[in-house]
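Q: Each chain, letter by letter, is given below.
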Amino acid sequence: MSGLPRILVIDDLFGTSVHGENRDREAFCFRLGLQDVTGDLTPESIQQPLAEAVFVSGQRIANKAVENDLDGALDKARKGAESFPRWALILLDMHFKTGDLVDGVPKGRDSDFDPSRYFGLTIQRELRRDPLLNKFPVVILSSMNRSDIEQQFSDFGASDFKDKSALSRKDLAELLDDYALLEDDVFAGRSLPLQQCLLLARRRAKFGNDNIVILGETGTGKEWLAAYVHRKSGRSGHYVPLFTQGVPETLVEDRLFGHEKGAFAGATQPAPGAAETAVKGTLFIDEFGDIPIGVQAKLLRLLDKNIREVQRLGSQQAKKLDLQVIMASNRLDLFEADDFRKDLLFRAKIGDAITIPPLRERREDIPVLAEYFLRKFEYQFEAEKRTTSADAMDLLTKYDWPGNVRELEKVIERAVFDYQGIRVLSASHLKLTTEASKGRLHGTAKSSDRATLIQEKAPNKTEPTTLSDITALLSAFSVDKLGPAEVSGSLPKVEDAAARLLLSLLKSALNMTKRVTPDTPEGRLSIHPAIKLLTGDTHISASKSADVIKRITSLSPKTHEVVMADPVLKDALEVALRLRPRMSKKRSAADSGARTI
Amino acid sequence: MTGDISKKEWQTRRVTFNHGWLKNVYLNRLQECEQRLAMRDPDLQRVMRFLREDFHQWSDHRIEAMKLVESFTVEMSPRNLFATPPLSHLGMQTRAWLADVIHAFWVQRHAVESKLNRVLSAVERVQTLYDTIDALMGSRGPDELVRDVELRTKMKEYSGACVDLTESLSLLPKEILIT
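For the record, the sequence lines run as chains A and B. Under this note's numbering, residues 1 to 597 are what the first sequence spells out, in order. Under this note's numbering, residues 1001 to 1179 are what the second sequence spells out, in order.
Calculated directly from the structure, the hints in this document are not laboratory data. Among the clues, some could well be false.
Unchecked claim - For lysine-lysine, the following BS3-like pairs were computed, each having C-alpha atoms within a straight-line distance of at most 30 Å:
(1) B/K1174 with A/K97
(2) A/K232 with A/K320
(3) B/K1067 with A/K107
(4) B/K1067 with A/K97
(5) A/K162 with B/K1067
(6) A/K107 with B/K1154
(7) A/K162 with A/K79
(8) B/K1115 with A/K162
(9) A/K398 with A/K532
(10) A/K135 with A/K76
(11) B/K1067 with A/K170
(12) A/K261 with A/K206
(13) A/K232 with A/K206
(14) A/K398 with A/K79
(15) A/K431 with B/K1067
(16) A/K162 with B/K1174
(17) A/K376 with A/K320
(18) A/K320 with A/K342
(19) A/K261 with A/K232
(20) A/K410 with B/K1067
(21) A/K431 with A/K550
(22) A/K410 with A/K342
(23) A/K97 with B/K1154
(24) B/K1154 with A/K170
Claimed, not checked - Pulled from the structure, derived: some chain A residues nowhere near chain B, Cβ distances all over 12 Å:
(25) K97
(26) L313
(27) R515
(28) R524
Given the structure is predicted, the values throughout are model-derived calculations rather than measurements. The beta carbon of each residue, even a glycine, is placed where N, CA and C say it ideally should be.
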């Protein structure tokens, strides 16, 4: 696959080749930067093409006369709608000439010239009626007068009308950007729901300084989409993400609006907030549904795009800003929620929200995403490159993914980390999050059972699963009577406390799994069962257990001191070091990336 | 009021000329050639193919363009409505003066002369540039020709003149209008 978007062009003049030639199609392709992949002639190789094009005449010859062929045109359109590469866009001619052939060209019938009976309109009406084809954007490409058919092509859902002879390469690039279903290099996936979501995001990005709301379940990639909108907006400033979930009200306000010197105890210097940092760029507020009610009122002036003002904490002066605000939430109940201002929702334009479909509604993306994550983690862990077996892919594509893309990423990360030397990823390597995974397989459980399972087992957004999660959670605790700076200053201590907590859990696990023998009545230390108990992973190898111990005991310089002072932990580390004498390069890379235990 | 014309010939001829040939075929190929000439290393074979095989199509089609201009006032005038019912039922005397009045009114209201003059000027401009390019082609060999800056400039102007011609033709009413 070339990676270029593929366009279907339904046009009587361009769609027919005579003796393996079509001068008009060739000229059209050259002018617009289209690589002809129809396959009926040997096309010129276009330098830096914008798209691939398949040309269809929508006609057939019967009894030495050219007749319009609606079924043929629709069949061709369906082929590219059902299989990859899919149509990114359909360009549709209006006026199709029929009748007896004179010098190889149809003579034309009176009905061909009647705008209300243009064959292009008939095709478009049928494209609109078809439940699959109506998902594809159609642009009218005609040399005829648009005013004659303005109403009809609008009624049938065409996105635009372009004069065939005036269309340039630049125009085509704009058409693709404005209407086409395109894949993105960063946002992996090629399903129709995702591409429609990306198209909507691009169109919204074009408005530049408008507010955009992104809705979607946890793990669907709302932050990715926000970054995508920023990239496509062409705004020159920075993309500034702000995460407010679980952050105390005063800290949210400070992070958002900034503060002046002396605004609170510890505010020794003035500091801009995220909104000011995002000037000329994009401010992304994640989980805006969790913004404290007190801050919501102050956010109103920032969200009013005619005002766009912020006021730092401790300042009497409001500052006007030029920025785009994107807000995301997984709360689809905000209109009913008591803790959210309705006027803020209107100002945020929640009615025009972009909704990212959950992974279970775009299963076509799973193979693409799985491959993307495999390559990412193979590189990160310096692991063997692997192919995906049919059973593994089957499991991946049938699972319901309640944690969406993030859950898929974790599963692949774990599979690569745990099995670094293998060259085929099989189903046995995939540790779907719960015992209930079998029940969550799409189509294997009753839908009501599945729904219950998803509800029960869906990852709790506040449940810590990694060290990073724990520290994030701890750092977000509200500490009464402390200013932001004091809270921030305490973070290293909080991290240290979390590391000590892990050490204490490890010690408990080591003590609980000691093996008592006649020779060792006090119990003999055994790290393998202890780590199995600690991680809940009954398949973890002894060497991997040693790695986990080395990791926990080296989380910070202070933890090392604690370990050395504790005979149980010290013994465990020595056993681990005997099994895995040094920190491998692979492990270092893994540690620098994801610290999942 | 518009006439449900039995005479659609003029409109059909215009569509055939303006859309079927000028826009869909000639301009498409002309703009391709213009774009190729603008490249650092133009494809000699393809540029010459246009100049030899397609460029001269204008001399044949110019006649059609002129016929469209000349026949427009006769074929598209509302005077024609007096030849068919219900206006044909009027008395001969009434028809004579009323048709003249309606025709004069139509000419003035739709700025027919001005629109036709614009088409004529466009045709003349296309013809002048066509002759210039034709002369350039006669005075240079293919290798020299594809790198000739003057040809590139004139081709661009020629393409612009052709676009102007299509636009001016599109301004002429497509139906027989009485109001």
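Q: Work down the list of hints and note, for each, if the structure agrees.
A: Going through the hints against the structure:
no.: 1; hint: B/K1174 with A/K97; result: holds (19 Å)
no.: 2; hint: A/K232 with A/K320; result: holds (24 Å)
no.: 3; hint: B/K1067 with A/K107; result: holds (20 Å)
no.: 4; hint: B/K1067 with A/K97; result: holds (23 Å)
no.: 5; hint: A/K162 with B/K1067; result: holds (29 Å)
no.: 6; hint: A/K107 with B/K1154; result: violated (34 Å)
no.: 7; hint: A/K162 with A/K79; result: holds (25 Å)
no.: 8; hint: B/K1115 with A/K162; result: holds (24 Å)
no.: 9; hint: A/K398 with A/K532; result: holds (29 Å)
no.: 10; hint: A/K135 with A/K76; result: holds (15 Å)
no.: 11; hint: B/K1067 with A/K170; result: violated (36 Å)
no.: 12; hint: A/K261 with A/K206; result: violated (38 Å)
no.: 13; hint: A/K232 with A/K206; result: holds (7 Å)
no.: 14; hint: A/K398 with A/K79; result: holds (25 Å)
no.: 15; hint: A/K431 with B/K1067; result: violated (79 Å)
no.: 16; hint: A/K162 with B/K1174; result: holds (20 Å)
no.: 17; hint: A/K376 with A/K320; result: violated (41 Å)
no.: 18; hint: A/K320 with A/K342; result: holds (24 Å)
no.: 19; hint: A/K261 with A/K232; result: violated (37 Å)
no.: 20; hint: A/K410 with B/K1067; result: violated (74 Å)
no.: 21; hint: A/K431 with A/K550; result: holds (23 Å)
no.: 22; hint: A/K410 with A/K342; result: violated (36 Å)
no.: 23; hint: A/K97 with B/K1154; result: violated (33 Å)
no.: 24; hint: B/K1154 with A/K170; result: holds (23 Å)
no.: 25; hint: K97; result: violated (7 Å)
no.: 26; hint: L313; result: holds (58 Å)
no.: 27; hint: R515; result: holds (79 Å)
no.: 28; hint: R524; result: holds (80 Å)
In summary, the structure is inconsistent with hints 6, 11, 12, 15, 17, 19, 20, 22, 23, 25 from the numbered list given earlier, while agreeing with the others.
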